[in-house]
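Chemist: So the chains spell out like this:
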Amino acid sequence: MKIVVNGAVHETAAAELSGVLGELGLGDAVVSTAVNGEFVAASVRARTPLTDGDRVEVLAPMQGG
Amino acid sequence: MQLYQATLRSRLLLGSARYPSPAVLAAAVQAARAEVVTVSLRRESGGERSGQAFWSLVRALGVRVLPNTAGCHSVKEALTTAHMAREVFGTTWIKLEVIGEDDTLQPDVFGLTEAARLLCAEGFEVFPYTTEDLVVAERLLAAGCRVLMPWGAPIGSGRGLNNLFGLTALRAHFPEVPLIIDAGLGVPSHAARALELGFDAVLVNTAVAQARDPVQMAAAFALAVEAGAAARLAGPIEPRDMAAPSTPLIGTAFRG
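Those protein sequence lines, which keep their order, are chains A and B. Just so we're aligned: 42 in our numbering is position 42 of the first sequence, and the numbers increase by one with no gaps anywhere. Position in the second sequence counted from 1, then plus 65, gives you our numbering.
Everything labelled a hint here was simulated from the structure, so no lab data went into it. For each residue, glycine too, the CB sits at the ideal point set by N, CA and C. Wrong hints could be hidden among the right ones.
[As the list claims (entries may be wrong)] Pulled a few chain A residues facing chain B out of the computed Cβ check, cut under 10 angstroms: (1) LEU21; (2) ALA34; (3) LEU50; (4) ALA60.
From just these sequences and the hints, can you work out the full model?
Modeler: Right, dumping it as structure tokens:
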């Protein structure tokens, strides 16, 4: 199915959010996630199902003022 | 200086953005003797993993991090970003920014107070980026904020303390609340002035990061903040309109 990850279309074979992070090569990374604008804690990614068209944000620490 | 449960010696908080390199950032944090560094969250790509490298660098600095919600324009965005930041950075501190106007990056004080209320109720320790408006400050305190971060001038403008009257009134109105001048400072004298006026600390980013020599500028800001704080304790004299001779007049030669 097609989802949107960080603003770009992503074809995924994963049914859950945790699987998408693995596909992106971020399975082990320090990141935080949101689906359709709602925060999804790391502890529940493996049981957070995705559906076609979902908007996923994967954010990491970055420089800030 | 007490910020929520933390007791800090340094009155200079440093932003981590816009440095020429990560190494310069690290050296600037040390030169500033900063104990708090602001950080943010941005989209991470699996190819670059730039956020992972940045996070390793910041952790090695051994400072307390203050995540921000920079770039958020709505209460909803700010709340989601705050939740994400709490998980990634492992802190309940959040520098709450809800931007209302893109040219000045002026806070949307209505969204700010609403977001502050919701986050404080959830146990966040909120550092709201606000204006010098007394009524907004009152609302933020009622929302549960125990620190306020009024702007000096628009973010990155380097204009210093733009509304001296308003900022002085804010300081006088809330003598017990830690007040940190956030945004708009350009040179160390601006920081010294803020501390002389009784502000508890300043947060500086662009003025250091974009200086020709950021490390030297960080050291200069550290000195300025110390000078300003010491001057405040020493009790500055009141300005006067007329001259007052500093050399005693009694016994002046050639008179009378």
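Chemist: Take the hints in turn and mark each one as holding or not.
Modeler: A quick look at each hint next to the structure:
no. : hint  : result
1   : LEU21 : holds (9 angstroms)
2   : ALA34 : holds (6 angstroms)
3   : LEU50 : violated (17 angstroms)
4   : ALA60 : holds (3 angstroms)
Going down the numbered hints, you'll see the structure goes against just number 3.
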